[in-house]
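*Asks:* Here is what each chain is made of, one letter per residue.
2 protein chains.
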Amino acid sequence: MARVAIVGVGHSKFGKRSDASLRELAFEAYSDALDDAEIESSSIDGSVVCSATHYDKQRSPAGVVAEYLGLNPKPTFNVEAACASSAVGLRTAWSLVSSGLHDVIAVVGVQKMTELASREIQELMGRAGDVMWESPFGTTMPAYYAMYATAHMARYGTTEEDMAAVTVKNRKYGTKNAKAMFQKTVSIEDVLKSRPVSTPLKLFDCCANADGAACLLVANATKARKITDRPVWVAGLGLASSPMALAGRHGPMTSFEVTKNAAKSAYEMARVKASDIDVAEVHDSFSITEILNYEDLGFARPGKGPKLLKDEETELGGKIPVNIDGGLISKGHPVGATGASQITSIVQQLRKEAGDVQVDGAKIGLAQNIGGIGMYCSVTILRS
Amino acid sequence: MARVAIVGVGHSKFGKRSDASLRELAFEAYSDALDDAEIESSSIDGSVVCSATHYDKQRSPAGVVAEYLGLNPKPTFNVEAACASSAVGLRTAWSLVSSGLHDVIAVVGVQKMTELASREIQELMGRAGDVMWESPFGTTMPAYYAMYATAHMARYGTTEEDMAAVTVKNRKYGTKNAKAMFQKTVSIEDVLKSRPVSTPLKLFDCCANADGAACLLVANATKARKITDRPVWVAGLGLASSPMALAGRHGPMTSFEVTKNAAKSAYEMARVKASDIDVAEVHDSFSITEILNYEDLGFARPGKGPKLLKDEETELGGKIPVNIDGGLISKGHPVGATGASQITSIVQQLRKEAGDVQVDGAKIGLAQNIGGIGMYCSVTILRS
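Residue numbers (this note's numbering), protein chains in the order written: chain A, 1 to 384; chain B, 1 to 384.
Some hints here could point you the wrong way.
One copy or two, either will do: identical chains are not told apart, so a pair holds if it fits within one copy or between any two.
[Stated by the list, open to error] Keeping only pairs whose Cα atoms sit at most 30 Å apart, straight-line, the calculated DSS-like set for lysine-lysine is:
id, residue 1, residue 2
1, LYS319, LYS172
2, LYS226, LYS264
3, LYS260, LYS193
4, LYS310, LYS16
Hints were generated in silico from the structure; no laboratory data involved.
In this text the structure is predicted, and so the values were computed from the model without any measurement.
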């Protein structure tokens with residue numbers, strides 16, 4: 001398989017962006033990525049737009065985004081895998097480039113959510129669960145993940161404090177990320193006292209709906225070497241699926257098979273193992289999700305996620321720093337943009353451009369992005 | 001670039017399918033394709049689901065479709081380019097296979113539309129136009145295409161009878177297609193007398209919203225030769241974009257630049273020219289669209305589309321038979337399924353399995369699929 005690199009990354013400010021439309025958010029990230037790569041838009045062969053329709057009125061977002069970025073008449077289309085859309089967008093762009101069909105592709109993850117009322121968003125998000133068997137019974141995303149949290153607590157004795165510690169860690173690093181929605185620390189106490197959303201998950205256990213965009217410029221080896229002297233190579237691309245309906249799944253609700261499967265594919269393709277990873281971004285849609293991900297990615301043994309965190313191994317300076325860009329919990333979760341945002345942070349780490357949160361000697365990084373209630377998982381492994 | 005073939009095709013009955021949900025429609029087409037290729041589901045490495053969300057309640061359709069098809073834990077995601085979704089799905093699957101990432105991929109185009117009232121569908125379809133500058137002013141899809149019709153009439157003297165003749169031709173061939181929504185002939189008179197939708201387009205000038213699914217099984221050369229002795233090779237894959245907003249386009253509204261660009265790419269990749277094409281499926285969302293497509297694909301000179309039709313050159317037995325499976329006008333237009341449906345018909349032609357409508361000696365076929373009001377166009381060229 002032909003080698004493919006990320007040659008530029010861009011990121012809009014995430015948050016409640018009443019000042020920017022969908023297309024404008026996309027432009028922020030795209031122009032940032034062009035500046036980062038020091039190339040012109042004319043060098044781009046086409047775009048893969050990644051947006052989990054439809055939190056705003058615009059249908060078929062690739063059309064309006066490609067127009068606004070000045071990318072007509074080049075190919076464009078939309079890739080969607082719920083919250084994992086733009087990680088899957090990178091895999092798609094990788095294929096378009098690795099196959100020889102294109103030389104340089106822009107992956108543009110973008111979402112405009114906050115024009116809807118929070119309850120409308122929850123209704124739409126719930127419909128990324130099974131609308132025949134589950135969502136009519138109230139399975140919004142917090143409710144789904146709360147069931148996983150409860151199961152982990154019952155089986156392994158995980159506590160609400162253990163989960164709160166994820167938020168405390170991620171919000172601490174969020175203070176270093178100018179693009180994050182939340183840049184203030186919170187305490188364990190703050191998390192525990194925040195209002196219940198879906199027991200045992202409270203407000204500060206949950207990431208926030210947000211507007212935002214992130215962009216990855218992807219090139220074949222020849223172009224990559226011409227464009228930049230700091231390419232970051234795509235080494236592993238794991239993608240797996242799981243039944244959408246919980247009733248279709250096997251085993252206890254204390255882990256996501258989909259993550260294990262995606263990780264296995266990605267580790268095999270990259271020829272590395274969990275212990276080789278120097279820095280990771282994992283999908284902390286809820287505090288419990290990060291704990292499950294530690295275990296499913298092989299950073300900790302089953303049930304030992306909370307201990308990994310307590311031992312400060314996922315902190316900067318630890319064995320495997322996780323979400324030290326603040327994670328979804330600090331950055332917010334503009335669904336279509338999240339995967340590309342995680343990958344942007346890993347690219348910055350591997351280029352040694354992560355500033356205050358730089359991991360010394362980081363050479364291999366991982367980004368894990370879950371779609372919906374785990375019907376998709378993408379694991380991306382990058383190398384400097 | 002590594003060679004890729006279509007090794008199996010499947011097609012559900014199109015129409016008002018109150019008897020089948022989204023997932024069931026997908027299964028109809030998928031199981032039909034497995035039967036066609038004489039392989040088991042275990043031979044499939046993953047799926048690319050193509051659906052223009054969200055004409056039904058289910059969000060993130062790839063999740064529920066992959067589950068229902070029994071394709072977990074294999075990779076899946078959704079590709080969307082409005083009405084061109086599953087043609088773009090084929091291009092995406094081609095890349096996944098040609099790059100070496102996968103061996104055999106199922107492209108599943110599916111749409112469930114008719115649970116919505118017609119006016120709701122029109123509202124949602126209109127939002128595949130620009131929601132900031134155009135759709136609030138009433139630009140539903142018929143209104144958009146009516147403007148193109150009016151321009152073609154004004155510039156070239158095209159008449160309502162000329163457009164009606166497209167419907168008459170396509171409905172005639174629709175009588176031979178058991179999967180088509182409409183299987184009755186209509187006369188020029190019937191079309192002219194049908195009720196106005198958006199002048200000059202009348203009811204019978206318009207394709208119908210429908211439920212349906214179509215599936216393409218795509219394999220690399222090694223697998224293709226093992227699976228089947230009648231592979232159909234993907235020779236050209238053109239994809240282009242155009243500004244979503246009409247105001248962003250140049251030139252008269254008598255042709256689609258996006259089709260010309262996509263055709264140019266596809267012809268170049270396949271190393272053929274328009275006159276080499278033996279049989280074609282083109283996007284007859286409206287009767288006028290087929291006329292524009294004749295011209296934009298190079299089958300007729302500008303303004304000469306109606307003459308090509310009058311001369312019976314696009315009939316079975318003519319120089320370039322077009323939409324002899326009945327086209328969207330007979331089959332109905334389940335948005336996400338349409339591209340794969342067109343390609344299915346071309347595959348059957350190139351395998352000499354098109355029965356009553358077989359084109360003698362067909363070796364090179366073309367399918368053209370427009371997304372929205374021409375912000376996307378895909379041109380696929382296949383060879384036996």
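*Asks:* Does each hint fit the structure? Answer for all of them.
*Replies:* So, going through the hints one by one against the coordinates:
no.	hint	verdict
1	LYS319 with LYS172	within (18 Å within a copy, 70 Å between copies)
2	LYS226 with LYS264	between (33 Å within a copy, 28 Å between copies)
3	LYS260 with LYS193	neither (33 Å within a copy, 61 Å between copies)
4	LYS310 with LYS16	neither (32 Å within a copy, 57 Å between copies)
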